[in-house]
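Quick mapping for you: the protein sequence lines, in order, are chains A and B. Residue 53 in the working numbering sits at position 53 of the first sequence; the count goes up by one each step and never skips. Residue 87 in the working numbering sits at position 87 of the second sequence; the count goes up by one each step and never skips.
Treat the hints as calculated values from the structure; they're not laboratory data. Just so you know, not all the hints are guaranteed correct.
Claimed, not checked - According to the in silico footprint, chain B covers these stretches of chain A (three or more CB under 8 angstroms from chain B):
#: 1; region: 93-99
#: 2; region: 103-117
#: 3; region: 123-129
What the hints assert, rightly or not - Not close to chain B: a few residues of chain A, all C-beta gaps over 10 angstroms, as computed:
#: 4; residue: 13
#: 5; residue: 43
#: 6; residue: 193
#: 7; residue: 199
#: 8; residue: 210
#: 9; residue: 216
#: 10; residue: 222
#: 11; residue: 225
What the hints assert, rightly or not - Which residues of chain B face chain A? A few of them, derived with a C-beta cut under 10 angstroms, are:
#: 12; residue: 34
#: 13; residue: 140
#: 14; residue: 142
#: 15; residue: 146
#: 16; residue: 159
#: 17; residue: 164
#: 18; residue: 168
#: 19; residue: 175
From a predicted model like this one, the values you see are computed outputs, not experimental measurements. For every residue, glycine included, the Cβ atom is placed at its ideal position computed from N, Cα and C.
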Amino acid sequence: MIKPITFIVDGKEIRGREGQTILQAALEAGVYIPHLCFHPDLKPFGSCRVCTVMVNGRPAASCTTPIAEGMIVESSSERIREYRKILVEMLFVEGNHFCMVCEKSGNCELQALAYRLGITAPRFPYLFPKREVDASHPEVFIDRNRCVLCGRCVRASRDVDGKHVFDFAGRGPEKKVAVNSKGRLAETKLSSADKAVDICPVGAILKKGEAYMVPVGKRAFDRKPIGAEIEEKGTDLQS
Amino acid sequence: MKKPRVATTSLAGCFGCHMSILDIDEKILDLIELVDFDKSPIDDLKEFTARCAIGLVEGGCANEDNVRVLRDFRKNCDILISLGDCAIMGGVPAMRNGIPLEECLREAFMEGPTVYNPERRIPDDEEIPLLLDKVYPCHEVVKIDYHLPGCPPPAEAIWKAVTALLENKPLELPYELIKYD
């Protein structure tokens with residue numbers, strides 16, 4: 001039998017099941033904790049730290065921390081909101097995120113997080129790193145300028161598609177998503193139907209020929225913040 | 001009572017943000033009741049004539065003249081606002097930031113496929129401001145008080161910001177008005 005577990009998020013009692021992480025149980029209960037590298041169809045990875053919460057007074061990534069009876073979680077306090085803002089601002093300055101010309105704009109989870117957190121400009125200087133674009137594949141391109149190293153494509157290609165097309169190479173500022181071939185995306189087994197293509201939260205891996213299909217105003221995050229549908233579910237659960 | 005003054009400029013920008021200022025439609029009549037324009041492309045004043053309450057800066061710093069103008073704005077404006085993505089993060093002009101300046105100039109004036117330049121000379125008249133090594137966001141050059149993102153920022157965001165600040169109210173933009181595109 002799966003043991004029920006009760007814990008507290010921002011003063012609210014949440015009931016989860018043994019084996020769930022804080023993030024899984026919170027999302028299921030209609031409590032949105034901002035997150036980026038986490039995806040419900042993939043194994044938790046804990047790389048982006050956007051979902052950081054205070055667990056019994058200590059910071060921890062909610063996507064990798066299992067729930068425990070009586071655990072006290074702080075997710076929307078001033079302090080955590082500020083940490084989260086700093087993390088997202090750092091993701092913006094360490095890549096080249098030219099939203100004004102990006103096909104993913106309006107549907108981008110990184111941008112949506114920044115909107116939700118109310119970021120108007122980062123407090124850190126922009127690094128403008130030199131990153132590579134690979135458009136060799138007939139159906140898909142990878143633009144590493146926009147990559148946030150969340151590892152969703154790496155996990156999806158390995159665990160869902162069973163192809164292992166992507167993996168990380170290098171360390172620190174040199175770290176990048178590499179492809180499993182002599183060099184180019186065209187020589188990999190990647191297909192545009194792969195989970196690894198659809199799952200990119202930003203505009204780093206995109207299908208060709210599908211840009212700007214949805215008009216401004218009707219895109220995913222034009223009117224409602226990211227997480228709004230989860231919070232609506234939470235309101236329904238309460239009533 | 002003397003009206004507060006507003007100055008505007010476009011540094012390394014495309015004037016799209018200025019178009020968005022004009023896009024407040026008939027509220028422009030309310031705006032001229034509220035403020036007088038000082039140095040701005042809207043009235044074509046080239047230099048500051050008096051201290052300004054608000055300065056709106058479009059575009060980032062791509063050359064030494066942009067830096068001079070931006071410092072001039074900081075000196076003459078009580079509140080300085082970065083208007084639009086180029087002022088905030090460099091925008092499209094900053095796409096050259098990953099390419100060495102010399103290579104950019106060589107491509108633009110000597111080796112580009114459509115270039116006709118038999119003397120193979122890169123423009124070097126002393127009237128032309130020197131380019132910076134890269135395009136800098138305004139807040140990396142001077143202190144910026146507020147940022148209005150967008151490409152361009154929605155007219156409503158500009159209106160809300162200017163009127164709130166003139167009335168000494170906190171600047172709070174609703175979700176729909178913070179956009180990066």
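Point to revise | Index of numbered hints that the structure contradicts, given in increasing order | key: Hint check: 9, 10, 11, 12, 14, 16, 17, 18 fail, others pass.
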